[in-house]
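From first to last, the protein sequence lines are chains A and B.
Converting from the first sequence to our numbering requires adding 1 to each position, the first position being numbered 1.
Converting from the second sequence to our numbering requires adding 494 to each position, the first position being numbered 1.
Keep in mind that the hints are not guaranteed to be accurate.
Cut-off 20 angstroms, straight-line C-alpha distance, at most; resulting in silico cross-link-like pairs (DMTMM-like, lysine to aspartate or glutamate) [claimed, not checked]:
id, chain 1, residue 1, chain 2, residue 2
1, A, Lys178, B, Glu589
2, A, Lys97, B, Glu566
3, A, Lys97, B, Asp507
4, A, Lys97, B, Glu627
5, A, Lys175, B, Asp561
Just so you know, the hints here were simulated from the structure itself, not pulled from any lab data.
Being a predicted model, the structure only gives us computed values, none of them experimental.
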Amino acid sequence: MLSSIAGPLFNGLFAAMVVFLFASGLTLVFGILRVLNFAHGGLFMIGAYLAFTLSGVTGGSEMGVLRYVLLCALAGVGLGILGWLVERSIFRPLQKVDEAYSLIATYALLLICEGAVKAIWGVNFRSVPTPPLLADAWIAGDVVMPVYAVFVIAVGVAFYAALEWMLHHTQTGKLMKSVASDPWMAGKLGVNVPRLYAWIVIAGFFLAGVVGGLLLPNQTLSPNLANAFVVQAFGALIVGGMGNVRGTFLAAILLSVIDSFGSLYFPEIPGLFFYVAMAIMLVVRPQGLMAGGSL
Amino acid sequence: MLEVGPLDAFYGDSYVVQGVRLTVGEGEGVAILGRNGAGKSTTMKAIMAGGPRAVGPVLHRGTSIADLADHERARRGLALVPEDRRIYPHLTVAENIAMGRHAARPGATPYTVEEIFAFFPVLRDLAQRLGFELSGGQQQLLAVARAVVARPDCLLLDEPTEGLAPVLVEALARQIEHIRSADGMALLLTEQNVWFARKSTTRLYLLDSGRVVFEGSWDAFDARPDLQSRYLAL
Numbered sequence: 002m003l004s005s006i007a008g009p010l011f012n013g014l015f016a017a018m019v020v021f022l023f024a025s026g027l028t029l030v031f032g033i034l035r036v037l038n039f040a041h042g043g044l045f046m047i048g049a050y051l052a053f054t055l056s057g058v059t060g061g062s063e064m065g066v067l068r069y070v071l072l073c074a075l076a077g078v079g080l081g082i083l084g085w086l087v088e089r090s091i092f093r094p095l096q097k098v099d100e101a102y103s104l105i106a107t108y109a110l111l112l113i114c115e116g117a118v119k120a121i122w123g124v125n126f127r128s129v130p131t132p133p134l135l136a137d138a139w140i141a142g143d144v145v146m147p148v149y150a151v152f153v154i155a156v157g158v159a160f161y162a163a164l165e166w167m168l169h170h171t172q173t174g175k176l177m178k179s180v181a182s183d184p185w186m187a188g189k190l191g192v193n194v195p196r197l198y199a200w201i202v203i204a205g206f207f208l209a210g211v212v213g214g215l216l217l218p219n220q221t222l223s224p225n226l227a228n229a230f231v232v233q234a235f236g237a238l239i240v241g242g243m244g245n246v247r248g249t250f251l252a253a254i255l256l257s258v259i260d261s262f263g264s265l266y267f268p269e270i271p272g273l274f275f276y277v278a279m280a281i282m283l284v285v286r287p288q289g290l291m292a293g294g295s296l
Numbered sequence: 495m496l497e498v499g500p501l502d503a504f505y506g507d508s509y510v511v512q513g514v515r516l517t518v519g520e521g522e523g524v525a526i527l528g529r530n531g532a533g534k535s536t537t538m539k540a541i542m543a544g545g546p547r548a549v550g551p552v553l554h555r556g557t558s559i560a561d562l563a564d565h566e567r568a569r570r571g572l573a574l575v576p577e578d579r580r581i582y583p584h585l586t587v588a589e590n591i592a593m594g595r596h597a598a599r600p601g602a603t604p605y606t607v608e609e610i611f612a613f614f615p616v617l618r619d620l621a622q623r624l625g626f627e628l629s630g631g632q633q634q635l636l637a638v639a640r641a642v643v644a645r646p647d648c649l650l651l652d653e654p655t656e657g658l659a660p661v662l663v664e665a666l667a668r669q670i671e672h673i674r675s676a677d678g679m680a681l682l683l684t685e686q687n688v689w690f691a692r693k694s695t696t697r698l699y700l701l702d703s704g705r706v707v708f709e710g711s712w713d714a715f716d717a718r719p720d721l722q723s724r725y726l727a728l
């Protein structure tokens, strides 16, 4: 009985943390700039490919955990630099015009990301084995828990805790929340809002890169990877309350766990329950779980 | 110290401010009076790069600031208190005040939050209260306190007495007077409350349909009773 609950719960949590990690950069950018970055999946994909290339350069398939973590960080830095360029050339000019233009522009950026991946890495499927230390599995009763999944869950929770702490207990976080809630007034009080926006975009891209690297051992690399988690991430973002980190975290857990149980009982239609749960929650609480305040 | 105009300002196709010229001297108090929709707030916002499309010179201490972003104007010493106050609801009173320290001029030391409490003692008792828990009067006081913490050389107050009880209006006038005299701070004030404007300033501009229709001292204004009935509807 216990395993019939614990198994799907564990799988649901793993899926939830993948969705949350993917959505974290998306949430941050949307929460502060109010720009829905359609290109986020493309950036995540480039992060994964970047980590893949670096892993080849630095020693092949037998990748230690430390090297793996370093790859994630490097992929993050690479994407952060890209974020700086994109902020300058696309996001900043679009701040002055209607939101619809930024939607179109980020979609165009997504297509550019997909084209760039095809041009640089080709269309063949590629993969990287899980670092040996994380390749094992723990068994508790009937429940099999891959160490890699435990690792991703732990990283997801730690990521969330760090973001929450930063947003609610540091000066930088409070400033970010203030700018998110009233950028006009922040500017009048001497806050360099465009510069803060630039750093948020860089941080969002950085997160996309890090998470691309982090989920690399679990993914098959192909130019379609950009779409792997986009729908789920947007779902968590919307159900969470549009740009609220806590809401996105809770929504990712709720939707993924429900989906995990749903797939157990209706295995012939995997993924359906994510959307069913999402639809029900939007009917019951259309403003989202954590509406009423940004971030 | 502040020389504006001839300034035009637009919201979309609306030509709201039409060739307004005004000056504010060092430490001087100047009022802009006019009915709702006369262009008072739009003039203030245009000076602070706060929304309308503005065309025309804005000089601060002889230097053009017309091309500067809002935060750069703030860091030069201009501090705007908007009519809707815009207190941050998720920040405490003390944190709201501290936000204003971002506007500190290079090389100048802003007030500490504690020093600000000495000017606005009511706020000290509310220091840990969140922005959304304050009354309208407390919010107005906080908005002024937040604007002056960086020691601006010109305070731009947009209709500060709107919605305040008369007793609060008097207290606000006293406290603004106090901090202005301590720092030699100039004041540009838009008001419909003539008593408050008269108490805080030495001369005024009267705006109607986006144009200056009168400028001069309060004595000159009083000598023209027709102005009040024609342009202020009092």
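Verification of the supplied hints:
For a cut-off of 20 angstroms, the pair hint linking A/Lys178 to B/Glu589 stands: about 12 angstroms separates their Cα positions. Restraint check for A/Lys97 and B/Glu566: the C-alpha separation of about 18 angstroms stays at or below 20 angstroms, so the hint holds. For a cut-off of 20 angstroms, the pair hint linking A/Lys97 to B/Asp507 stands: about 17 angstroms separates their Cα positions. The suggested pairing of A/Lys97 with B/Glu627 is violated, with an alpha-carbon distance near 33 angstroms, which exceeds 20 angstroms.
Annotation: proposed proximity of A/Lys175 to B/Asp561 is violated, straight-line Cα distance about 29 angstroms (limit 20 angstroms).
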